[in-house]
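Engineer: Take the sequences, apply the hints, and build the full model.
2 protein chains.
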Amino acid sequence: MGTVSIVFFDIDDTLYSTSAFSRQARRGAVEAMVEAGLGAPVEVCMRELDEVITEFGSNYERHFDRLLQRLPDEALGDRNPALFSAAAVIAYHDTKFRHLAPFPDVPGALGRLSQVGLRLGIITEGPAVKQAEKLLRLGLTQYLDPTAIFISDQVGISKPNPKLYRRACQLAHVEPSQAMYVGDNAPNDVDPANAVGMKTVLCRRGGRHDHKSSETPPTHIIHNFEELEALLGSDYGVGAKRERT
Amino acid sequence: MGTVSIVFFDIDDTLYSTSAFSRQARRGAVEAMVEAGLGAPVEVCMRELDEVITEFGSNYERHFDRLLQRLPDEALGDRNPALFSAAAVIAYHDTKFRHLAPFPDVPGALGRLSQVGLRLGIITEGPAVKQAEKLLRLGLTQYLDPTAIFISDQVGISKPNPKLYRRACQLAHVEPSQAMYVGDNAPNDVDPANAVGMKTVLCRRGGRHDHKSSETPPTHIIHNFEELEALLGSDYGVGAKRERT
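In order, the protein sequences belong to chains A and B.
Residue 23 in the working numbering sits at position 23 of the first sequence, and the numbers go up by one each step.
Residue 176 in the working numbering sits at position 176 of the second sequence, and the numbers go up by one each step.
Just to be clear, a hint being listed does not mean it is correct.
No distinction is drawn between identical chains; accordingly, a pair holds when it is met within one copy or between any pair of copies.
Claimed, not checked - With a Cα cut of at most 20 Å, we get these calculated EDC-like pairs of lysine to aspartate or glutamate: (1) Lys-130 x Glu-61; (2) Lys-130 x Asp-94; (3) Lys-163 x Asp-153.
In case anyone wonders, no lab produced these hints; they're calculated from the structure.
Structural biologist: Spelled out as structure tokens, the structure:
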């Protein structure tokens, strides 16, 4: 039986369904633009927006401006395009405010694991404030060790560079062999964490990265966080008492 | 009696109290950071944030990050600063969502003026989507001519350059002599609009620019939009029937 003193988590599609949320938020934004008078069908805009995101990246700041540029001139009529972009931004924030929620099994599992003395941390990629905002809106910061939250943007190293994982362990004062990483993206999460000697858990929930495979096998494969609690108990002696309701 | 076919408005501190709103939003953001564990008094943070805004400008994107950098290290403890910035951003958006409202006399006046055939437009300075978002959240776009909304960021000319006002009149297909501009900032709003031959209205509501004076006198001085409706009726024959309730 190995030992684990800290479990680091990926955020996107590991703690909440980024894929489902993004789809919902983007559709809400496009519907708001059409509501504001944009003369193009929602489905046409959604396809164009998907292309914009593929071309410019998901963290690009001006998706909606680019979408509007790509539509025929007639779609905007004589209206100021900023009014459509602003309607989209307002709707996007509204979806974030009302619908950002963790996978239902996540808060309970993190709560129980944190109560039995396991340190819980984050290793994630993206803009610092955007990733931190997700943790706050998901209501999960209460379970996390505040000294063990690492965002690539702040560390200066990006996935899948194994250095990001090694540096996180150093900064959290833990040997990689005592640390576990839980993520959904095999090549980005499993291979580099394996490379530095961490235990790795691939969480498959049917998300956008589930078809990918890693070059090195994960230590464990799970489908939800109940399985995570179970394997931490059986293989690592973590005494997370499960409260069944 | 002159004639006026279009009235352009400034947004900030003319259609709503930017000063009061910003103060409320910034205080909410600072209180959220302290709530999230920031070890510094709210008043100290507010003073520091005011300095940041003076130094970096009000449209700078990273006020809260700069505030955190300026506080003593002990204030952040061992927490990731992005968690504080994100708490501030969430609170700021929340204030925007709940409290952004026009001066109480504005919607009625714009509604009545638009119904008697006067064109109502905007000439404003700032980032395009941010200014458009204000118009949408204030609920005022329904009264505006969609072809007459001009934001410095999109026009490529900034206040107080008179070219911004001339270009807005050209693009709205109106002679400056037939156009009126209503703003609160004498040197930025009155002098350049006077320079291109527009009618000018200085609206003094006790806001942050009320102590400033223009080099050339405004055509009119008002203190609220009831006075605007009155002068449009008396001096320009605009038949805005006032509904008294």
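Engineer: Does each hint fit the structure? Answer for all of them.
Structural biologist: Tested hints:
1. Proximity of Lys-130 to Glu-61 under the C-alpha cut-off of 20 Å is found in both arrangements, the shortest distances being 11 Å within a copy and 13 Å between copies.
2. Taking the shortest alpha-carbon separations for Lys-130 and Asp-94, both the intra-copy value of 15 Å and the inter-copy value of 16 Å come in at or below 20 Å.
3. Within a single copy, Lys-163 and Asp-153 get their C-alpha atoms as close as 14 Å, which meets the 20 Å cut-off; across copies the closest is 41 Å, which misses it.
Hint violations for this structure: none, all hints satisfied.
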